[in-house]
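Participant: Sequence:
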Amino acid sequence: MAMASATLPLLVLLALAVLAQADPVAVPHLANKLFNSSSSSSSAPAAAAPAPPAGLVSRTNGTGSYKGMPREFVNLHNKLRARYGVPPMRWDNKLARQARRWSDAMRGECVLRHSNTKFGESLFIGRDGWNATASDAVNTWAGEERIYDRQTGRCTGGRHFRECGHFAFMVRPRFSRIGCARADCFKGGVFITCNYYFD
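When you line the sequence shown up against mature numbering (1 follows the signal peptide of the UniProt record, and there is no 0), it's residues -22 to -1, 1 to 177, in that order.
No lab work stands behind these hints, which were simulated from the structure alone. Model, not experiment: these values are computed from the prediction. Don't take each hint at face value.
[What the hints assert, rightly or not] List time: in silico DSBU-like cross-link candidates among lysine-lysine, alpha-carbon distance up to 35 Å:
1) K96 x K72
2) K45 x K72
3) K57 x K72
4) K96 x K45
5) K72 x K165
6) K165 x K96
7) K57 x K165
8) K57 x K96
9) K57 x K45
10) K45 x K165
[As the list claims (entries may be wrong)] Each pair of labels, with its calculated beta carbon distance range:
11) G40 x R137: 33 to 39 Å
12) T38 x V89: 29 to 35 Å
13) R128 x K45: 30 to 36 Å
Built from N, CA and C at the ideal position, the CB exists for glycine as well.
Turn these sequences into a full structure, and let the hints steer you where they fit.
Facilitator: This is the structure we're talking about:
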C-alpha cells in the first residue's frame, strides 16, 4: 500500500508528460488542479506579483554634500543674523567634520537624536526622498522665530528651549563659527546636522 501511494505522483507526472505532447496548453492548468487542492476551480493563471517601487535617486550620488552647500548654510544664517544686528558667522571645517560624523552615523536610523558634543547642535530630517537642502533645514529652524524672545534669548511663554533653540543658535551673538553636514538616509530622507561654536 505504501509503495502504491509513493508511485502515484510518478504516474501522474508521466501522464502529464504524455498529455503535454498532445495539448501543451492544458498541462499547467491540469497540474495546478492536481497538486494544489486548495486552489480555486478557475483555470485562469494567477496574477503576477507587483513590481517593487522604483528606488530613490540621490542628487548627491550618496555623498550627502552638494556644490555650494557650505556657502548656502553660512549665507542663510548670516541673513538672519543681520536682521538681529549680530556679527556674521564663518564656516569652520572642524565643526563640519563633527557634523559629518554625526549625520553619517544617523543614516541607518534617520531619527532625531543629538550627539554628545560640546558644540551647539541643530538637527533636521527631511522626509521627501533625498531632496532636502540646507535651505529646507534653515527655513524650518527659522520658523521658531515666532516663539523666540529676543531680549532674553529664550523661548516665549515658558516653553522649553528645544522648541526655539535652533533659531536661538542661529542668531546667538556669541556664536561665530558654523559647520554643517547633510547625509542621505539609507531608506530615504535626509539627516542634517549644524554645529555652532565661538572664538
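Participant: Given the proposed pairing of K72 with K165, does the C-alpha separation stay at or below 35 Å?
Facilitator: Roughly 28 Å separates the two Cα atoms, so the pair holds.
Participant: Does K165 lie within 35 Å of K57 when you go C-alpha to C-alpha?
Facilitator: holds, 33 Å
Participant: What's the verdict on K57 and K96, does the C-alpha distance respect the 35 Å limit or exceed it?
Facilitator: holds, 25 Å
Participant: Checking one constraint from the list: CA of K165 to CA of K96, max 35 Å. Satisfied?
Facilitator: holds, 29 Å
Participant: Looking only at beta-carbon atoms, does the pair G40, R137 fall within the given range of 33 to 39 Å?
Facilitator: holds, 38 Å
Participant: With a cut-off of 35 Å on the C-alpha distance, tell me whether K57 and K45 pass.
Facilitator: With a Cα-Cα distance of about 20 Å, the restraint between K57 and K45 holds, given a limit of 35 Å.
Participant: Regarding the pair K57 and K72, is the alpha-carbon distance no greater than 35 Å?
Facilitator: holds, 23 Å
Participant: Does the Cβ distance between T38 and V89 fall inside 29 to 35 Å?
Facilitator: Given range 29 to 35 Å: violated, Cβ gap about 21 Å.
Participant: Straight-line Cα separation of K45 and K72 no greater than 35 Å?
Facilitator: With Cα atoms ~19 Å apart, K45 and K72 stay inside 35 Å; holds.
Participant: Given the hinted pair K96 and K45, is their Cα-Cα distance within 35 Å?
Facilitator: Status holds; Cα separation ~28 Å.
Participant: Against the 35 Å threshold, does the CA-CA distance of K96 and K72 hold or violate the hint?
Facilitator: holds, 13 Å
Participant: Between R128 and K45, is the Cβ distance one that fits in 30 to 36 Å?
Facilitator: holds, 35 Å
Violated hint for the displayed structure: number 12, the only one.
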